[in-house]
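Undergrad: One letter stands for each residue in the lines below.
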Amino acid sequence: MQMIENKNFSRRKSVLQHPFSAFLLLGLFLSILQIIAIVTDGEWPRTSVINGFATVMIYAIVGYGFSFLLGYAGLASLGTAGFVGFGAYFTAYFLQANMPYIPYVVIMIAALVLSILLGLAVGFISLRIEGIFLAIVTLGISEVFYQLFNSWMPVTGGPNGARISEYPVFQSLLSMSPADSKRAFYFVLVVVNVLLMMLTYNLGKSRTGRAMLAMKNSSSAAQAMGISLLKYRLLAFLLSTAYAVLAGVLFMSYNRNTLPGNYNIMLSLNILAVVLIGGSRSLLGTFVGSFIVFGITPILFQNISFLNENAWIINVIIGIIIILIVMFYPGGLVQLFGSLKAQVLKLFRQRRGNPQQETAEPAEESNGEKANLESISAIRAQIAQELNSFGQQARNTGPGATRVAAADALPSDVILRLENLSMIFGGLKAVDNLTFDVKQREIFGLIGPNGAGKTTVFNCITQFYKPTGGNILYRTEDGQVIRLNDCQVHDIISLGIVRTFQNVEVIGELSILENLLIAAHAQCRTGLLKQAFNTRSVRLEEKHLREHAEKVIDYCGLTAVKDLHPVGQPYGVLKRVELARTLMAGAKLIILDEPAAGLNEQETMELTQLIHDIQRDFGVTIFLVEHDMGLVMNICDHICAISFGKKLAYGTPREIQNDRVVQEAYLGTREYSEEAQDVQHA
Amino acid sequence: MTLQAFLQSLVNALPLMGRYALITMGIVLIFRTTATTNFAQGLIGTFGAFVITWAAMEWTTLPLWADVLLGMAAGFAWGVFVDIALIRSARKITSAGKQMITMGVMMILVNIIPKVFSKIVLNNLPGKSISTKNFEFELFGQFLYIPINGIWAFLVAVVLLGAVFLALKFTKWGLGVRATAANETVAQMLGVNTRLITAFSWGLAGALAAVGGFFTGFGTVLNVTLMGNVQVFAFLACVLGGFSSFPAPILGSVIIPLIYVFAGNPHIMGSQAGIWQNMITFVVVLLLILIFPNGILGKKLVKKV
Amino acid sequence: MSSMLEIKDLCVSYGAIEALKGVSLSVEKGSIVAILGANGAGKSTLLRTISGLVKPKSGRITLAGDMNITGMVPYRIAAQGVIQSPEGRMILQGLTTEENLKVGTYAIKDQRQNGPSFTRSQQIKQNFEAVYSLFPILYDRRQQQANTLSGGEQQMLAIGRALMAAPRMLLLDEPSLGLAPLIIRDIFRIINQLRQQGNTILIVEQNAFQTLKIADYAYVLELGHVSMQGPASQLIHDEALVEAYLGGQKA
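Residue numbers (the working numbering), protein chains in the order written: chain A, 1 to 682; chain B, 1 to 305; chain C, 1 to 251.
Isolated chain A (complex conformation) (with noise of 0.2 Å):
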């Protein structure tokens, strides 16, 4: 059933076509538009229709960079219009006729360049407390140069705008005429947009569009993953800036003029419309929203006066129509085609009979648990064999300088060591110098009554919480000995120490598949000139990355989902996703945040099995959180028992099981029952 399933898939796939040749095919339409028009001289399409068009192609490139912000990052601005602006004045000043010559590549090379250098200082600003910040930060940066713009006499023109009077390289260098140097920036224009399609949806595959996607659902399993959210928020802020100025010199060399009042603050929303409007990841949608938004008037409404003389009224529809998306398609109009596609696939789908989406294989059929348990863990071990040699690699990178303490810091068998750790929130003592060890290759529990604080220790190993005393030191694959307090966040997945969260935190926007391929962010090297044209080096890496995840889908039993979302999967597949990103990453030291929480027995027997044969097979050291003591008391090696964030007790199962302290802990002691039976019969 499931092969006919995979077939029809991959069938439908190579139907569709890559969707660099719906750019192609889009570049070509557009182009064909303007050499009718050159053929008809001006007749039809008529040359508003072509400037028309030509518009919607200045918008749509700023569109594709806020894609990042909004789409892949999820951060909104309000300073688009501003970058616009700087763009457009910035060339115009360069271009003007009293100006030495500069070459129109070296102008806008700068315009790029200084907008970035301004994005960064901003951004850095900005983006440090939180991301919603943006946008108030982002507002201000428009307002600031709305009153350059305006007010700027000698640079700018002022209220009655900026002007150049020859259309760069074309007329100034190649002596056209204008009426030839606007057809030709207009194929310019074309093929900028293209390729910028072609660079950004490239980016937007990448693993730093993974990266950013990660961040936007979860900033704690990006975090968790190596990503940093400063850096790649910043990076998808600066990406839209140079689009938006870039796409103002375009406009100023194809328009020649313009006017302070075109970069108010609704352009900015108008830019925010497109986005939202075509679907914020789909590159063709922001084409689409930016005709909406900026093409219908003059493309198609040109002679229906009514609609010339109230724009207004298509405004307020905009506006309108932005608040509905947001409210119920996310996804845009996208969004709103693919729900209707499947709808009518349904329909097919249901004519023919196929059978109903798949879950995951139940790696554990319902009879015979134990048995069937037992021979899923032999081929384990030998898809182990092939993952291993992955593994290697992953594990030998480190971050660059940390502090690192004394190679004899800790004995040879102890990969954990945390030695008088306190965390103090406030006054309240959440953690009071704890101190145990953890063993190499060992499976240990840390457990307590609710309230004790293990969350806390959790954290602060992780480095989620800086503690406020004590030391975590950890023997690293290489053997060194690194003191954890010292690392950033982000930094631990690189030392082999990866975690996995109590309220399971997958990527809702990527499949189970690419939940995988983001374990593994740390360990890529190709830089992102490199993922934007897709190179060879970019290409191996991926494939690389696909191989292995594919084997660690296999050995966790998530072959049949890998590809579907994990929405509406069930909670005991979404903790094996959650593992799996974890040899993925090639830890050394897994740390598991309640990893039977909401499941039922058979999904945690399975857990159980799963988390044995790990172990086995990768010689991890795993370190659980656990309130299940079946679980607890079945797996683990050794078990820490605390209480008000102190230690209780440590030992093995057994021994803690009966020790008088611990049971205390949990259930209280009997000795209060005299005198409190007395108060109750009072």
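You may find that some hints are simply not true.
[Stated by the list, open to error] If you anchor each label on the Cβ, the simulated ranges turn out as follows:
hint : chain 1 : residue 1 : chain 2 : residue 2 : range
1    : A       : 311       : B       : 62        : 49 to 55 Å
2    : A       : 429       : C       : 197       : 30 to 36 Å
3    : A       : 651       : C       : 73        : 21 to 27 Å
4    : A       : 311       : B       : 293       : 25 to 31 Å
5    : B       : 220       : A       : 428       : 53 to 59 Å
6    : B       : 220       : C       : 55        : 50 to 56 Å
7    : B       : 183       : A       : 378       : 47 to 53 Å
8    : B       : 291       : A       : 100       : 48 to 54 Å
9    : C       : 67        : B       : 293       : 47 to 53 Å
10   : B       : 62        : A       : 98        : 54 to 60 Å
11   : A       : 428       : C       : 26        : 45 to 51 Å
Note that these hints are calculated values from the structure, not bench results. We put the CB at the ideal spot given by N, CA and C, even for glycine.
Model the placement of chains B and C on the given structure of chain A, informed by the hints.
TA: Chains B and C only, in chain A's frame:
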């Protein structure tokens, strides 16, 4: 820079403080009760300002304060509408999503205001004007002046905000607002009708914005871009002061006007002052935010993982 | 004896996770009923559902025999006299001790109290006196910022806050959480006192033995369903209880 120029700048800052504070109060009320940055705040205020002007010109027998109340009512209505109809109806919305809804409202307002009020010009409200004249006085031997409506702006802001803070501290509603701001779920469990509370807070924010709009537009030709500048600095005031309490952003709305007037002072900045005023203010504010990332009076929140 | 709270076949899910799978229980008027069980068993979910913070998939919650409060809006459930002292105490930041207590008065409904001639402010005054006499330390600290109180004092504040509306049904979610043993003893003594004053209390706890001493009846939740129940005096000697918490298998 002479002493006179210095003192005059300080005096110039007072009306600004009044106007900014009115908007800032609304922003922080909304943010602390519903975790939304309402970018439509300025335009709601603009709408209110237009309503006041129109009422003043339509109904010349009504006293000015009645017109202002009318404008406040309009602002109140818009605030309640946006909260109930939009923000509340969208269940699973992220903070960025709520921001974008308010941006959609911006788009709508910025286009319908000129249409609805296409013939309004606010100059001297016949017969009921607060004077557009200046009040001249002497301080430390220097002759200074302040527009009379500027005095009104400052005083009205002090009174209104004072009333709001007193209400926050001593009334049942105020307690409900602070409880909701602290922990909405717990407040609900204790019997607080948080929906009513937040709707009222949004409404109050709108009403305050209308007053702010009125003073900002006084003596000018009303334009839909009236509050653009003010809103930006009101938001920055919140970031500068710190979002974690109600009074902290007001500190921001006191500091920023001071920076603003000196950034635009020709004695310091020369004749180009008008061009760079926004930029200088902005840069200084950003630098301050760099030093105080959680606001001057803000507290760093440790996020629970 | 009449039942104050009756829960039948309550099923609650958080997305894919089934937190409560058909839980039924009842609380007699004027008694203390304990809900015990290890973490993740669903105890807090139960209280959150009763308070209306979570909508159940199915099942019924009936108050005082005739009022169906299943899935009602939280503030109206509070107005009906079902008030919770939440897990972790959840003191409202930025408010003083007295203001925290005052928030509890939102749920007071005039007509439920001592007749129409008793105004709301009189009711509030009386409730303040009652709570302060129960927790004198809160009176001493009434003007202090609530988050400067110690853990035990905050727990008293949370309970006092729930009492401010003279609830018909008091829900206590893990009052012993994070408190030193001596303080826990004081808290439980006060809870006992409350029952003697005629209050009806549903208490969720991990601390089994102390709770069973003061409770009349108890239910043990395991993975979302009731695995054991009975009079507290019986359960307290039951060895199966230890197993339910710490796992009985010899490793």
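Undergrad: Confirm or reject each hint.
TA: Hints and how they fare:
no., hint, in the structure
1, A:311 x B:62: 49 to 55 Å, "35 Å, violated"
2, A:429 x C:197: 30 to 36 Å, "35 Å, holds"
3, A:651 x C:73: 21 to 27 Å, "50 Å, violated"
4, A:311 x B:293: 25 to 31 Å, "42 Å, violated"
5, B:220 x A:428: 53 to 59 Å, "54 Å, holds"
6, B:220 x C:55: 50 to 56 Å, "52 Å, holds"
7, B:183 x A:378: 47 to 53 Å, "52 Å, holds"
8, B:291 x A:100: 48 to 54 Å, "41 Å, violated"
9, C:67 x B:293: 47 to 53 Å, "50 Å, holds"
10, B:62 x A:98: 54 to 60 Å, "58 Å, holds"
11, A:428 x C:26: 45 to 51 Å, "37 Å, violated"
Checked against the numbered hints given earlier, the structure breaks hints 1, 3, 4, 8, 11 and satisfies all the rest.
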